[in-house]
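Next come the chains, spelled out residue by residue.
Number of protein chains: 2
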Amino acid sequence: MIGKLNHVGVATPSIDESLKMYRDLLGATSHTDKWAMPEQGVWVCFVNLPNSQIELIEPYGEASPIHGFLAKNPKGGQHHICFEVENIYQARDSLVAKGATVLGEPRIGAHGTLIIFVHPKDMGGMLVELMETPKDAH
Amino acid sequence: MIGKLNHVGVATPSIDESLKMYRDLLGATSHTDKWAMPEQGVWVCFVNLPNSQIELIEPYGEASPIHGFLAKNPKGGQHHICFEVENIYQARDSLVAKGATVLGEPRIGAHGTLIIFVHPKDMGGMLVELMETPKDAH
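Chains D and Y are the protein sequences, given in the same order.
In this text, residue positions in the first sequence follow UniProt numbering: the first is 1, and each later residue adds one.
In this text, residue positions in the second sequence follow UniProt numbering: the first is 1, and each later residue adds one.
These are computed hints drawn from the structure, not numbers from a lab.
Treat the numbers as computed from the prediction; the structure is a model and nothing was measured.
Here a beta-carbon is modelled for each residue, glycine too, at the ideal position from N, C-alpha and C.
Over the 10 Å line for every Cβ pair with chain Y, so calculated as not near, a few chain D residues:
#1 T32
#2 K34
#3 A36
#4 E39
#5 E62
#6 A63
#7 P65
#8 H67
#9 R92
#10 G112
#11 P134
#12 K135
#13 D136
Heads up, simulated BS3-like pairs for lysine-lysine below, C-alpha to C-alpha not over 25 Å straight-line:
#14 Y:K121 with D:K72
#15 D:K34 with Y:K121
#16 D:K72 with Y:K75
#17 Y:K4 with Y:K135
#18 D:K4 with D:K98
#19 Y:K20 with Y:K34
#20 Y:K20 with Y:K75
#21 Y:K4 with D:K34
#22 D:K121 with Y:K34
#23 Y:K135 with D:K4
Sequences are here, hints too, so could you generate the full structure?
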């Protein structure tokens, strides 16, 4: 079912500060602009690597779902991991049939394709995002 | 400096149980055998994805460095992230020159090439592994 490791989601109190770290300390050379996803309660920015991406997420608004994570991890850290799937509804139905807890209905994610999240209790302690592979992916 | 996202390191109390989750719930189709790395205090197993890998690590011995992580996260979770670099000594020297805390001397990692770890306090709360790209990497 799962295909590529699309990205690792990394929570941060400041995308701007994180970008300095990736550029100046780790020598990353490519990233997107940051943009707001108010319906998800996050600012988002992708650091581009040759084979995958780091998704930096910063709280947007007081109801952001990552405030709790940052309260426990003030410097930020690895927040979720995202694998690609061909069809999000098939993936969702398969997981539910096997007893996993899928969080909410499929919705459009940061790459413009359908996503779901799977509860960490069923995923070895990791918050897992599944996303449909973008049609223009190379 | 950093190249590919080589792998995400995931701590688990049981590699065997984690493999069931990757195979049966997520439908992963390829993984290595598990093997012990006594000098690192871990059992290791890689789940192969088309573009990257998940490194499952389970404690080996009472002095394993991941007992503390599992005490805080009994189900396991994301433990570190590993980026490839061309030359580990150049990477180490560059990081040290910029004030980052590199943990220990370069040593041979699970892929047979030199690795270092960089302290989470300098890496946005993430434990970062850097490894030299294997010469036979495709």
